[in-house]
Each structure stands twice: as C-alpha cells, then as structure tokens.
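Peer 1: With our numbering, letter number 15 in the sequence shown gets 66, and the count goes up by one each step, no holes.
It is worth saying that the hints were derived from the structure and are not from the lab. On a predicted model such as this, the values are computed, not experimentally measured, just so you know. Backbone N, C-alpha and C fix where the C-beta goes; we use that ideal spot for every residue, glycine too. Certain hints may be false.
Calculated cross-link-like contacts (lysine-lysine; reagent style DSBU-like; alpha-carbon spacing at most 35 Å) [to be verified]:
#1 K239 x K76
#2 K97 x K65
#3 K249 x K56
Have a look at the derived ranges for each label pair, beta carbon to beta carbon [claimed, not checked]:
#4 R235 x K56: 28 to 36 Å
#5 Q285 x A213: 33 to 41 Å
#6 E226 x M289: 39 to 47 Å
#7 V272 x H118: 41 to 49 Å
#8 Q285 x H118: 27 to 35 Å
#9 E134 x Q285: 16 to 24 Å
#10 Q285 x T136: 33 to 41 Å
#11 C195 x A54: 28 to 36 Å
#12 K239 x L192: 27 to 35 Å
#13 E134 x A229: 20 to 28 Å
#14 E134 x G109: 30 to 38 Å
#15 H267 x T136: 17 to 25 Å
#16 A287 x G64: 25 to 33 Å
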Amino acid sequence: MKAPKHFQWRVEGKVGVITLNRPEKKNPLTFESYAELRDFFRAPPKEVKVIVVTGAGGNFCSGGDVHEIIGPLTKMAPPQLLEFTRMTGDLVKAMRHCPQPVIAAVEGVCAGAGAIVAMASDLRYGAPGAKTAFLFVRVGLAGCDMGACAILPRIIGQGRAAEILYTGRAMSAEEGLAWGFFNRLGDKPLDLAMEMAKELANGPTAAHAVTKKMLHEEWNVGVDQAIDMEAVAQAALMQNKDFRRAYEAFAAKQKPVFEGD
Numbered sequence: 052m053k054a055p056k057h058f059q060w061r062v063e064g065k066v067g068v069i070t071l072n073r074p075e076k077k078n079p080l081t082f083e084s085y086a087e088l089r090d091f092f093r094a095p096p097k098e099v100k101v102i103v104v105t106g107a108g109g110n111f112c113s114g115g116d117v118h119e120i121i122g123p124l125t126k127m128a129p130p131q132l133l134e135f136t137r138m139t140g141d142l143v144k145a146m147r148h149c150p151q152p153v154i155a156a157v158e159g160v161c162a163g164a165g166a167i168v169a170m171a172s173d174l175r176y177g178a179p180g181a182k183t184a185f186l187f188v189r190v191g192l193a194g195c196d197m198g199a200c201a202i203l204p205r206i207i208g209q210g211r212a213a214e215i216l217y218t219g220r221a222m223s224a225e226e227g228l229a230w231g232f233f234n235r236l237g238d239k240p241l242d243l244a245m246e247m248a249k250e251l252a253n254g255p256t257a258a259h260a261v262t263k264k265m266l267h268e269e270w271n272v273g274v275d276q277a278i279d280m281e282a283v284a285q286a287a288l289m290q291n292k293d294f295r296r297a298y299e300a301f302a303a304k305q306k307p308v309f310e311g312d
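Build the full structure now, drawing on both the sequences and the hints.
Peer 2: The structure is reproduced here in structure tokens:
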C-alpha cells in the first residue's frame, strides 16, 4: 500500500498500527486525515489481520482541529456541510465494515471525533488518566455525530450515554472501565492493545471477520432472526480449513495453528 500522508502506519507481523501523529496539537483530525482514514479502512491491507489505532505524545486524539475544520465549517454552504458530515460518518461505517478487528489504545485526551474513533473500534484499552469526551454540545452541536447516538448507548447504556452526550463532560477512565467502554486499563495501553491484537491475529481470522459482521448486523434484528443468521454463518465456517485444523489438533492433544482460511 502507498504510505499514508496524514497518519503513521507500521506493521508488526500480522498486526498493523495506525498512529495519529500531530502530538503538538494532541493529534487532531483535519479534512484530509478524515478522508485518508476513511479510504484506508475501506480497503485495509489484506495481509494485516488486526488493526490498532493509537496517538502520539501521550494523547489519543483531540477531535476536529478548531482552526482547520471548525472555523471553515462556519463559512460553508449547506451542501458542503452535508458533504462533510457524510464523509465523517463514512469513516465510522468503514471501521465497522472492515473485516479486521480494530483495537483502540487510548491515552490522555480522547475527544470529539477522537472519542468517536475509539467508540467505533471493536475493543478499547485505556490509560488510567484517559479522558473521553463527546463534546459536540460544547460547540453548539447535537450529540448525534458519526453514529454516537446509536453506538454509544449499546456500549455503556442509554442513560449513561444520554448524560455524556447532553453535557459533553469527560468520561473518566474509571467510569469507562466500569461502564464497559474500556476493556481494560493499564499504564501502557498500547502494550495491552498489541498483546490482544497478536492473540487475535493468530486466531481464526476468517471467523473473527464473521463475528465482527454479526455483532454489527444483529443490532437491528430480533433474536429469532439473529439465530437464523448465525446458523448460516457458522455452517459456512464449518467448511473452512481452520475448523478441520482445530479438530485435528484437539484429537492429537495439540494447540491448533490457525491460518485464517
């Protein structure tokens, strides 16, 4: 793949790491970085089995840059504004629809669009000092940004999400852990994220992609339909080589080595 211009990208084995890298401003997003991230998640490198997102300099992401995004938005015509909000929403869609699990490693400031990127990830690991704020109301906008009103309540609960989105206050790391936003806290969240990423990357990655797809699609269906959808998905995976590898390893009292097919 072509080297990205607006974030850093490195690969460790089967794990790819995105680093938002404007530490002097706490890693804000710009029009260009939004679009580049959207395009990346629409077609991530196939050889990478898990993607980790983190920020440089002790912060995750401070959201949309005040001078590079918010200022220009105040001067745009309605069609341009809608084009922008659809583009930012497309980043979340791309993250949710890419087959690889996405893991966020969150330190320091995680605000606005940065909080959305963390929310849109499949797993989240945070530092004890992380502050996550969906602060759209602070700039006179609604909390319904980039899918927040749909996704955040499913993670932390409707009442908690309502408070966070109405007030724009920061959610502490301890609250985030207790409410289910963070999977774990640790002084080095990137290490936690990489540990999990490597574990998942060595697992049955085709099956992980189906788990991610089902977690997303089953939000909108009843339990009976979900059971039917899972029956079809699981029956298809039973035809994969990884399923046979697992059986043969179990029969031989060995640990299975998955190859993702």
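Peer 1: Which hint numbers does the structure go against, in order from smallest to largest?
Peer 2: Structure breaks hints 8, 9, 13.
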